[in-house]
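Residue numbers (our numbering), protein chains in the order written: chain A, 1 to 334; chain B, 1 to 334; chain C, 1 to 334; chain D, 1 to 334.
Be aware that one or more of the hints could be misleading.
No copy is singled out in the list; a pair is fine if it fits within one copy or between any two copies.
The calculated DMTMM-like cross-link candidates involving lysine to aspartate or glutamate, where the alpha carbons are at most 25 Å apart (straight line), are [to be verified]:
| hint | residue 1 | residue 2 |
| --- | --- | --- |
| 1 | K13 | E259 |
| 2 | K63 | D301 |
| 3 | K151 | E195 |
| 4 | K6 | E215 |
Hints are computed from structural coordinates only; laboratory data are not their basis.
Protein chains: 4
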Amino acid sequence: MIVVLKNGVKEEKRAQLIEWLKDQGLGIHISQGEYQTVLGLIGDTTHVDMDLIASLEIVDSVKRVTEPFKCCNRKFHPEDTVVDVGGVKVGGGNFCMIAGPCSVESEEQIVSIARSVKAAGANMLRGGAFKPRTSPYDFQGMQADGIELLKIARQETGLPIVTEIMGVNHLPLFEDVDLIQVGARNMQNFDLLKELGKLHRPILLKRGLANTLKELLMSAEYIMAGGNEQVILCERGIRTFDDYTRNTLDLAAVPMLRELTHLPIIVDPSHATGIARLVPPMALSGTACGADGLIIEVHNDPMHALCDGAQSLRPEEYAALADKVRRIREVIAK
Amino acid sequence: MIVVLKNGVKEEKRAQLIEWLKDQGLGIHISQGEYQTVLGLIGDTTHVDMDLIASLEIVDSVKRVTEPFKCCNRKFHPEDTVVDVGGVKVGGGNFCMIAGPCSVESEEQIVSIARSVKAAGANMLRGGAFKPRTSPYDFQGMQADGIELLKIARQETGLPIVTEIMGVNHLPLFEDVDLIQVGARNMQNFDLLKELGKLHRPILLKRGLANTLKELLMSAEYIMAGGNEQVILCERGIRTFDDYTRNTLDLAAVPMLRELTHLPIIVDPSHATGIARLVPPMALSGTACGADGLIIEVHNDPMHALCDGAQSLRPEEYAALADKVRRIREVIAK
Amino acid sequence: MIVVLKNGVKEEKRAQLIEWLKDQGLGIHISQGEYQTVLGLIGDTTHVDMDLIASLEIVDSVKRVTEPFKCCNRKFHPEDTVVDVGGVKVGGGNFCMIAGPCSVESEEQIVSIARSVKAAGANMLRGGAFKPRTSPYDFQGMQADGIELLKIARQETGLPIVTEIMGVNHLPLFEDVDLIQVGARNMQNFDLLKELGKLHRPILLKRGLANTLKELLMSAEYIMAGGNEQVILCERGIRTFDDYTRNTLDLAAVPMLRELTHLPIIVDPSHATGIARLVPPMALSGTACGADGLIIEVHNDPMHALCDGAQSLRPEEYAALADKVRRIREVIAK
Amino acid sequence: MIVVLKNGVKEEKRAQLIEWLKDQGLGIHISQGEYQTVLGLIGDTTHVDMDLIASLEIVDSVKRVTEPFKCCNRKFHPEDTVVDVGGVKVGGGNFCMIAGPCSVESEEQIVSIARSVKAAGANMLRGGAFKPRTSPYDFQGMQADGIELLKIARQETGLPIVTEIMGVNHLPLFEDVDLIQVGARNMQNFDLLKELGKLHRPILLKRGLANTLKELLMSAEYIMAGGNEQVILCERGIRTFDDYTRNTLDLAAVPMLRELTHLPIIVDPSHATGIARLVPPMALSGTACGADGLIIEVHNDPMHALCDGAQSLRPEEYAALADKVRRIREVIAK
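Excised from the complex, chain A in its bound form (with noise of 0.2 Å):
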């Protein structure tokens, strides 16, 4: 951590600072530039309260060196971490298709999405069985039935299923699920993401709508400091001023998580345009910029979807895509 003190600082307040600091167990390194004097802190700066130094009078900003984030830091774990979701690589170069309805609605809807997004080349089957709404008068998804249908649907089909949490009370209706989504309202959930820390099962991690890249890493870490390091991140939009689409989709997160760190990065452009019809072209921009997968939501009749039929792709859209997808990949690999 670096300490840059003001201008005309006092020798007597600057040494009392000094002496907190070692106080701390911290060796501090002085350097003295022509306009301000730096304090370099050496030792274990985890715990030092950064805000404070820099609310103090005679302080001029404060800048952290290290990153806090470990566990998920590439510094750290050069190597690509491939999370395996039954049976399905993720990372590492293996490209994830994950597709399904915002919703289950019925054994019939789920299996026979499940079928066609199949045939059209997913390798995972989402489908919403507990629904976060911004109004509690809104559908509010089947719940443990939805769970339940999700499956027999991973029997016909062989998919593994990917299905969101909503909080801690639900874990154990969980336990058969292959991928555990938390969504972006609750990326900050920390008492859900400590106890997703103690599974040994793959999280999907999304982006909360206004987090930092830190943040999200920050909240990858509550998971993996507890001892499961089999997570996926999401990007899924972010919020701007921006009006014409439901959220801004931030493509360039994908390169630069992917320098900070060794986990899997995939990409949501359902919710994050909020219209079928910008689905397909950021779908290709997501894998264009090296995405280890999307997931995308599809439904066999959107007029009819109880949930976000707006952004939903028909099956074929979703085959014609998959196949555009397929030979971007093989343009970017080369």
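Got chain A; can you put chains B, C and D on it based on the hints?
Below, chains B, C and D alone, put in the same frame as chain A:
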């Protein structure tokens, strides 16, 4: 709900859409403009999927003309709600001054601060027991013990206590807490909101960093739809591109929410700015635009606080501020 | 335009508003819903002050149903516009590869880079002569001399030249520039836009850091309303809370603008990210979602560039990228 | 400037970087931490390309420790600047009340409003002559005639006049304007700023919708570096995801700018909110956090204003507000 059709839509497609809407039990009022046709949907549109209609090829745009929030809507409940928190009234002209440390650290600390802030003019005591921290390696709060210490401080001073809940699992520990706080990161933790809706206890609901006023009201609606109408809203800063303060305090939200809802609205200048010396001016601003109260971090010894010392006022600073707050309230009351 | 009245509006006030609207030459269609009354305004609403109506006490909200942009609107001009820049076509299936240094620094530098980028596949040369810099103490560009050097580079290579204009005073210097760039900070410099509307020359209009797609189109409209229809739009990143990259490249703007307008749309991954190693993945993403071209900074010696060396590719990196761009274009063309 | 190197950098690469920095005339102070090496750059780093260094493979991050603004920096000029606008002092404890219509519309209108606002407590008259409008089809202002009418209003009332300049071409028309306003959209129109730096006349510089405080100060620096030190800053709202008000008024900018600069800082609640009934509460908030003045739109007949009627107060509303502003100033002065 209003549906604007695109220019030159084929009669057949238009008829199909109208049929489909009627199937959902809606009356349709057709208004033919020079350039566009507008459909007015008459009846209960609560369950109509607005995004789906907007995504149809023949539709230009859709607008909801009735707000989706009912319980907290001032249109249906014109008088201000007054929430009673352990004998302290909030709203309808009653101003609350909540103060205390970021975290409860010891009995001595919390009792001593409680006495200081009471003497300085506070009428409620805040203190974190469960702390939502970005990093798993940071201090996570004294948890159950912290709540017990808050109760001791209440016994010593008579101040009602306010503390944050992070998950439904901890609900039993909050049985004797006067005002249960839902933090910004949990504003859309819908499972938690539903459980709080079953209580008959005051809830302090903080606005999320990237949430609109409508979303804040919909989250209040989750609690109220469950039967608990004692909700206090809190503006605490939103996330923007601005990088000099931690968040951007959106004070125009106060008079805007005043129009939209009958619930009390308070302001948290400590978390919004993250810088102690900006807290007094922003607290005065929050008072001047008509807030129903202020929640402010106060610590006897900010340099040794375990959390957020950078944004804490000393008791004497708080007392000076409280005095100005009172006088600004007199100015705007006239 | 649609005006939604509040619940329980007095008949008298409603009549006054309708009278006032009719005075402005509009027909009014009244639609009575269960909860609200909706007025449909028929006729030319271009000059109606939407914000004023929205502010009236009896009005709940107002919605414009016809877009305020005409010349650039695809509804009135369904075919793609193709802009001819010194013989190079842009739009309607024609892809442009604009490359070159941030700043023109010397004849040797610009001619040498022009040759490199041409060999690597570029078909237009960019180079800054007038530089908009945040600080008055930074290098402000070679100005008039820079434009002369660009012309020499054009003579040597045959590449049309692109450079930025910062004010109407400099217009005479741009008489022989093939594509005049309006930078992000000048997107709403309306005086400049009006002057450019009087020319018969291609204009490259960059999206401002905080501008919506509608505002970008309205700025194009300023140029086109003056009679100059040769406008190319450019997405170059918007300002968000995100702090890892300089700006957030909003690629969904490409397919969205494609629907709204017939003008060509290109992408600038260099300024969007500010980091050279993120330029190739984001250039490929921009291609994959259907852009009509890319504008990329290339420098022979980034370590000694006078400006923006951090985001410049070396010619060999650009050549490798150009090859992949071509192959992605083949994939999406099918 | 401080350069943090990555872990495990090769000695040879490190030596190359240090050599390259020394070639630029800088002294280098090397500080060896446990995990990282930190280079302190000593000497004039004004011209060092921070982004370029940050982009090098061996560099983790770079931090500038001296601010790039000099003329407007409070560190080098601790006393408040007082700007004299036609006899009215602004800053250093002098509060200005600027009021008037969005647009000058006629002699009768502007003279009558000038009299009203003077009677209500204003000490400066605002009125738009050149109007920056998003749409080319909207009213663009009375231009030169508007300025003449403002002068007549000044003659009738003695109030100094404030009006916006949109381009360097119009400078001759502004010779007798007391306070020349640079609008938010032109905050980084550097050509204009440079020309204004050559004048000896007060400038009102509004913050851009997406500009940081540092960028605002750098734009002031453009004017001051040219020799014109009479600059007044204005906070008028920033663009965020928030959609209930036109922009988000960032009032914490007022006390923050107070620390960073000696220039006066005023607040514009009219443009920030766009809604007349939110103007009084936000004007009081702006006063309470210590602004040096307020600029507010006032119109005799908002329903017939040619521009921005939605955000205009009536003179009697302004008078009531002005009274409360005075009393809040008394509270915070003590």
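Structure-based check of each hint:
Within a single copy, K13 and E259 get their C-alpha atoms only as close as 40 Å, which misses the 25 Å cut-off; across copies the closest is 20 Å, which meets it. Proximity of K63 and D301 under a CA criterion of 25 Å is satisfied inter-copy only: 24 Å between copies versus 53 Å inside one chain copy. Within a single copy, K151 and E195 get their C-alpha atoms as close as 23 Å, which meets the 25 Å cut-off; across copies the closest is 28 Å, which misses it. For the homomeric pair K6 and E215, the shortest alpha-carbon distance between copies (21 Å) is at most 25 Å, but the shortest distance inside one copy (29 Å) is not.
Taken one by one, the earlier hints all hold for this structure without exception.
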